[in-house]
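S.K.: Work out the full structure: start from the sequences and follow the hints.
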Amino acid sequence: MMDLYFVRHGKTQWNLEGKYQGSHGDSPLLPESIDDIKLLAHRLKDIPFQHAYTSPILRAKRTAELLLDDLGKKIPLTEVDGLKEFDLGDMEGQRFVDLEKQIPDVIHAFREEPEKYDAAKIHGESFESVIERSNAAINKIVSEYHDDACLLLVSHGAALVAMIQALLGTSIADLRKNGGLSNSSLTHLKYDNGHYSLVKWNETKFLNKKLSSTDTI
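Residue 756 is where the sequence shown starts when you use the working numbering, and the numbers rise one by one after that.
Everything labelled a hint here was simulated from the structure, so no lab data went into it. Keep in mind it's a predicted model, so treat the numbers as computed, not measured. Certain hints may be false.
As the list claims (entries may be wrong) - Derived DSBU-like pairs (lysine-lysine); straight-line CA-CA distance at most 30 Å:
hint, residue 1, residue 2
1, Lys955, Lys965
2, Lys964, Lys871
3, Lys871, Lys856
4, Lys816, Lys964
5, Lys955, Lys816
6, Lys856, Lys876
7, Lys955, Lys871
Said to hold, decoys possible - Just the calculated beta-carbon pair ranges, DEER-fashion:
hint, residue 1, residue 2, range
8, Leu923, Asp801, 19 to 27 Å
9, Asn948, Glu772, 40 to 48 Å
10, Gly934, Tyr900, 23 to 31 Å
Note that beta-carbon positions come from the ideal geometry of N, C-alpha and C, so glycine has one too.
M.R.: Structure follows, in structure tokens:
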């Protein structure tokens, strides 16, 4: 049985400021994230990873690089376009609170009722598109390994929720049933003969801190 460990990137400046940060927006990791990634590495230190994969977007790539450095092991790292965050179109870099006033129906659907989300309204990417590309990427990755492999995958909050829940067979309407994912969090899945199962969703206890509303999406 294969083990897949999914990590959301460390907290960034835009996360702190409550801004939407998709595949065309980016901001640097906060200094506190460097410490969080060290704690994550300590949590993962005994896991024999064969390979690590990351979204090519800088905040995720930097998280992956720091994490592998902290693990102190020679684990190969590969960038995978399918692990990118949603293209958020006109929402990129905009503050949550402002968009909740300007386009409340779009924001509500994106965060609470994804089956009603109309990405065309903000010239962005749909849930169906993100699920299709990300699940294709994950399925290709697992096809290249034996059953006892342990793999590390670093990506983004909204994309991870969609891709992981879809791997588990969850409908788009129910993608938010387990809530969101926090910065530097760990979500563990097992894969066996074409079937994915959830071991742990959004593990954060190892961060040793109380999370704020800007930590989770």
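S.K.: Confirm or reject each hint.
M.R.: Status of each hint after checking the structure:
1. Lys955 / Lys965: It holds: about 19 Å lies between the C-alpha atoms, which stays within 30 Å.
2. Lys964 / Lys871: It is violated: about 34 Å lies between the C-alpha atoms, which goes past 30 Å.
3. Lys871 / Lys856: 18 Å, holds
4. Lys816 / Lys964: 24 Å, holds
5. Lys955 / Lys816: With Cα atoms ~23 Å apart, lysine 955 and lysine 816 stay inside 30 Å; holds.
6. Lys856 / Lys876: Measuring from Cα to Cα gives roughly 15 Å; hence the hint holds.
7. Lys955 / Lys871: Holds, at about 28 Å.
8. Leu923 / Asp801: 19 to 27 Å: 25 Å, holds
9. Asn948 / Glu772: 40 to 48 Å: 44 Å, holds
10. Gly934 / Tyr900: 23 to 31 Å: 29 Å, holds
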